[in-house]
Amino acid sequence: MVIIFVALFASWLSPYDPIEQNVRSRLQPPQIQHPLGTDSFGRDVLSRIIWGSRISLSVGVGSILFGMILGSTLGMVAAYRGGKIGEFIMRFMDILMCFPTEILAIMVLVVLGSGLEKLILTIGTVMTPRFARLAFASTLSVKEREFVLAAKAIGAKHSRILFKHILPSIFGEIMVISSLWIATAIRVEANMSFLGLGVSPPTPTWGNMVLTGVAQLTNAPWLSLFPGLAITLAILSFNLIGDGMRDAMDPKLQG
Amino acid sequence: MLRLLLRRLLLLVPTILVVVTLVFIMVRVAPGDPAIAILGDYATKDSLEALREKMGFNVPLWLQYLRFLSNIFRGDLGVSMLNNNPVKAQLLYALPYTLELTISSMIVGVLLGLPFGILTALRRNRWADYVGRIVSLAGISIPSFYLGILMIFVFSVKLGLFPVMGISRSGDLLGRLNHLVLPAFTMGLILTSYIMRVSRSTMLNVLKEDYIRTAKAKGLNNVIVVYKHALLNALIPIISVTSIYFIVIIGASVMVEIVFSRPGLGKLMVLAMKQRDYVMLQSIMLVYAALAMMINLATDLIYGLVDPRIKYK
Chain A
1325 MVIIFVALFA
1335 SWLSPYDPIE
1345 QNVRSRLQPP
1355 QIQHPLGTDS
1365 FGRDVLSRII
1375 WGSRISLSVG
1385 VGSILFGMIL
1395 GSTLGMVAAY
1405 RGGKIGEFIM
1415 RFMDILMCFP
1425 TEILAIMVLV
1435 VLGSGLEKLI
1445 LTIGTVMTPR
1455 FARLAFASTL
1465 SVKEREFVLA
1475 AKAIGAKHSR
1485 ILFKHILPSI
1495 FGEIMVISSL
1505 WIATAIRVEA
1515 NMSFLGLGVS
1525 PPTPTWGNMV
1535 LTGVAQLTNA
1545 PWLSLFPGLA
1555 ITLAILSFNL
1565 IGDGMRDAMD
1575 PKLQG
Chain B
751 MLRLLLRRLL
761 LLVPTILVVV
771 TLVFIMVRVA
781 PGDPAIAILG
791 DYATKDSLEA
801 LREKMGFNVP
811 LWLQYLRFLS
821 NIFRGDLGVS
831 MLNNNPVKAQ
841 LLYALPYTLE
851 LTISSMIVGV
861 LLGLPFGILT
871 ALRRNRWADY
881 VGRIVSLAGI
891 SIPSFYLGIL
901 MIFVFSVKLG
911 LFPVMGISRS
921 GDLLGRLNHL
931 VLPAFTMGLI
941 LTSYIMRVSR
951 STMLNVLKED
961 YIRTAKAKGL
971 NNVIVVYKHA
981 LLNALIPIIS
991 VTSIYFIVII
1001 GASVMVEIVF
1011 SRPGLGKLMV
1021 LAMKQRDYVM
1031 LQSIMLVYAA
1041 LAMMINLATD
1051 LIYGLVDPRI
1061 KYK
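Protein chains in written order, with the working numbering: chain A, 1325 to 1579; chain B, 751 to 1063.
The following block holds chain B by itself, in its conformation from the complex (with noise of 0.2 Å):
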């Protein structure tokens, strides 16, 4: 077990080098000179060039290549080029939110959407079948934005449920949970949408498994079957799957930050890519690419956990 974990983490290694690199190259590359974004078009050729000095682009690519890699591995992030604080403690602030709202949309797609989608699967091409398919077909086909603008204005707006935007206030733990209720739900709801699809597929190959036939041949009672036998081995390909979403999930958690005005890694981005903020950006691509990793990572550990037929190779 160790050993994989220690292999896994080695090719992690170069991978990382490549995803740096990448975000390097596409902010250097984009089009717009960052002084005169930050300066404006009507600063003197002198004062371009301190900036530029001060912000270190007037040295040649490959020295500055190297520093922003010293600069990584010290942690030293940078200053963001909007407003000056430090891009490491904006991303500090940010990250919790982000996280707080990606988990708590996992946990409601999973809960829903995995009872539901193996309750598809059993009760196949019946009534619950369709219903469900449909439900779950609408649930992927709409946009994040719109879903979460459609229970701002049901939950919010006619029925004053839930409170519209931003985080609460005092911090207290209830008044969190009531601005996180709608959110999760949105991204939530979407994200039961395609577990139940998965699900629905995995459970009707699993139950077509000769394994499952011997198992009902013998006489074992109907409900042991399918908990002990089916459920487990369908688990493993829902769980690898699961980790997609959750890379799915971040992605979206981006408009869905957005609409509703919460603070967290989406918001950050939008902002730093409208106002050219590369010091910012480079930071956050990092920290996406980070968190792929990591949840690969951990996928990979329980998935080698879960399945006993997997030894490292």
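So here's chain A without its partners, still in its complex pose (with noise of 0.2 Å):
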């Protein structure tokens, strides 16, 4: 198993190519001299693939660093200070939670707006109530352990110092599961823009590329299905990633 994610993480950097641009050549779709063929605008989709995966691959990252950022946070506070302020808190995740996650990103869309950078808030926002979760369970489980004691006897300077204590302990459950939800947050950028609602036009995301393919499915079949295909693998490697780091730390705890 760990050696298949090893395998699947070369492939998904691969397409990562940096600066080819949307090369303007000829007109309609072929598919043999570019590999993936063209579009009806003479661009080629290998090109625009590649292009795309640098949005797909900053959204789905960027989101996760903000949602992790926030909701983690927001989590530990939560938990440390107890109280009615943590209870509100972790409700308020709660409700949020129970929005089906596609369903919350178009609302929040609603209220910021398109472009990339809102696009990432947005999806950094969906994913917040997670990482909350997450952070509240563990930071709750790690409270009571030695050193914090210790650090609170010690009269460590508030809160501040006890997150240089606690932070460090909860943080690799965090990372294992945020390779998942990069996963997941990458779904969330392509369904999206496949409803035309996130990244503008000229900038080929491999959501809107399955869009405007969509149309053309008949006859030139390769302009939604490679797209589709390339959203598919990343989707996959991050889940392996994930899915790989999972089984790697809990053989650990059994040891």
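Among the hints, erroneous ones may be present.
So the derived list for chain B, only partly shown, Cβ under 8 Å to chain A, looks like this [to be verified]: (1) V885; (2) L887; (3) G889; (4) S891; (5) I892; (6) P893; (7) I899; (8) G1001; (9) M1019; (10) L1021; (11) M1043.
Per label pair, the in silico range of CB-to-CB distance [said to hold, decoys possible]: (12) V1435(A) <-> P836(B): 41 to 51 Å; (13) T794(B) <-> G1407(A): 38 to 48 Å; (14) F1495(A) <-> L816(B): 22 to 32 Å; (15) P836(B) <-> D1571(A): 45 to 55 Å; (16) F1416(A) <-> R778(B): 14 to 24 Å; (17) L762(B) <-> V1435(A): 23 to 33 Å; (18) S820(B) <-> R1415(A): 23 to 33 Å; (19) V1385(A) <-> V768(B): 52 to 62 Å; (20) A1474(A) <-> R817(B): 38 to 48 Å.
Bear in mind the hints are in silico, worked out from the structure with no lab data behind them. For glycine and all other residues, C-beta sits at the position ideal for the given N, C-alpha and C.
Using the hints, build the complex out of the two chains.
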């Protein structure tokens, strides 16, 4: 299992070849000269897929980073402080988690508007409750451990220094799940682009490439089939990485 | 049992209130003046004012909020800004289609996922398990709309087996089913993958338990051990997880409805969003929230019924 995940780690990295622009060469869609064909504007599909990977990856990682920082902080604070505030925060997170992910994403997009940065914020916000829940549970379990109590006994300067103690403990768990959630984030980004709600037209994202390609499904299937495949592979890679990380951490505990 | 139900319903009220308020705030905070969105950039100031008055936007915010609340309690969801048809009617039209899709996907997912998941748990680390794990991994990695497009490509375009989009014109059962197959299987297969994985891990955990070993040591027939003891106990977490997946399915139905051009809540929502039809949007959000809460409630109840250990606390 571990070997497989390393292998696919590599295959995901290779689409992330940087600066191949949209080559406006010939016209309608052939398939042989250009490995994956061209679209109706004559743009090379392969290049657009490569270019699109930057968006999918930046949205995926960016949104997770945002969600991780915001969510974990909320969760940790809620667990540490406890009391009414903590309960209130977590209740709110629970309510957010009530909504299906895609629906919540659409809702937040309505508020924030479109564009790349807003998209990252949106998906980050959508993922925040998950991180909050995770951080909350982890912090609760770590809170009563000896080193925390020791730090308190020394009179550690408030919550600040305590975060330096609690955080490293829960960091591992957070990182492991993050990979799986990056996969989710990429999926949500693709969904949004496919709905036409994400990043705008000339910029290629895998999602909107599939969208425009659907119209040509009968005569030019490669236009939507390949970007979709790219999405699938990217999600798959992150899932494998996440699964691999989780499996690696587990037997350690069973030692 | 009844007491549990009442307590749950009581807890629901503040939750609903928060959700409604949230929706209200979100819609009002959204950028863009809805009056301009409807009338266009060149509308005169007077007509803008008139429209705002008609829609009730020129009133102070707290008053809008109160009106909003009272409207909802009276069941009046307003008129869509887009096509001037009452929101409620449109929702009621779309909802059955969404439910139809969601429930049939759920059925497909459970019918396929549960047995296969358990199978892979029983045949752990053997051939069937590996195939199962690879397939289910692929299943959760494919975005729903892509699978839908693939299905369309294979079954409709190439093989011409099922209709590509829409719903049945004549409305007869066979026609409806015909149009339902591809969409339901698209979501169903993805759900199958999720359920397979969960069933597998739950089953594995249960099989490790002591009472299973005891049963086997007693010399019970292996089949009986599996079905009676392991399965029943494994079912409980699977049920709770299934409710989460139901909500996920509702979310994914948006994509599938778009791909297959089926009428439904998701399609309504996307259209409303693109046109900034706030009146429609807030009602749809409420419906989704209500659905989610009902599912949670139902799950808790089933949980209470199934697990004899749970008493109301």
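Verification of the supplied hints:
The interface hint given for V885(B) is broken, as the beta carbon of that residue sits about 12 Å from the closest beta carbon of chain A, more than 8 Å. With its C-beta approaching chain A no nearer than about 6 Å, L887(B) sits inside the 8 Å limit, and its interface hint holds. The beta carbon of G889(B) comes no nearer than 10 Å to any beta carbon in chain A, farther than 8 Å, and the hint placing it at the interface is violated. Restraint check, S891(B) versus chain A: the minimum CB separation of about 4 Å is within 8 Å; hint holds.
With its C-beta approaching chain A no nearer than about 5 Å, I892(B) sits inside the 8 Å limit, and its interface hint holds. Satisfaction of the interface hint for P893(B) is found here, the shortest Cβ-Cβ separation to chain A being roughly 5 Å, below the 8 Å cut-off. Checking I899(B) against chain A by beta carbon gives a least distance of about 6 Å; that is within 8 Å, so the hint holds. Because the closest C-beta pair between G1001(B) and chain A is about 3 Å apart, less than 8 Å, the hint holds.
The closest approach between the C-beta of M1019(B) and any C-beta of chain A is roughly 6 Å, which is under the 8 Å cut-off, so the hint is satisfied. This hint is violated: L1021(B) has a C-beta 10 Å from the nearest C-beta of chain A, more than the 8 Å allowed. With a least beta-carbon distance of about 7 Å to chain A, the hint placing M1043(B) at the interface is held under the 8 Å criterion. The given range of 41 to 51 Å is broken by V1435(A) and P836(B), whose C-beta atoms sit roughly 25 Å from each other.
Between T794(B) and G1407(A) the Cβ separation comes to about 55 Å, which falls outside the hinted range of 38 to 48 Å. Distance hint check: the CB atoms of F1495(A) and L816(B) are about 46 Å apart, inconsistent with the given range 22 to 32 Å. Against the hinted window of 45 to 55 Å, the Cβ-Cβ separation of P836(B) and D1571(A) comes to about 54 Å, which satisfies the hint. The given range of 14 to 24 Å is respected by F1416(A) and R778(B), whose C-beta atoms sit roughly 19 Å from each other.
Under the hint 23 to 33 Å, the C-beta atoms of L762(B) and V1435(A), about 25 Å apart, fit the expected range. Distance hint check for S820(B) and R1415(A): the Cβ-Cβ separation is about 25 Å, which falls inside the suggested range of 23 to 33 Å. Evaluation of the 52 to 62 Å hint for V1385(A) and V768(B) yields a failure: the beta carbon distance comes to about 31 Å. For the pair A1474(A) and R817(B), the supplied restraint of 38 to 48 Å is violated, since their beta-carbon distance comes to about 57 Å.
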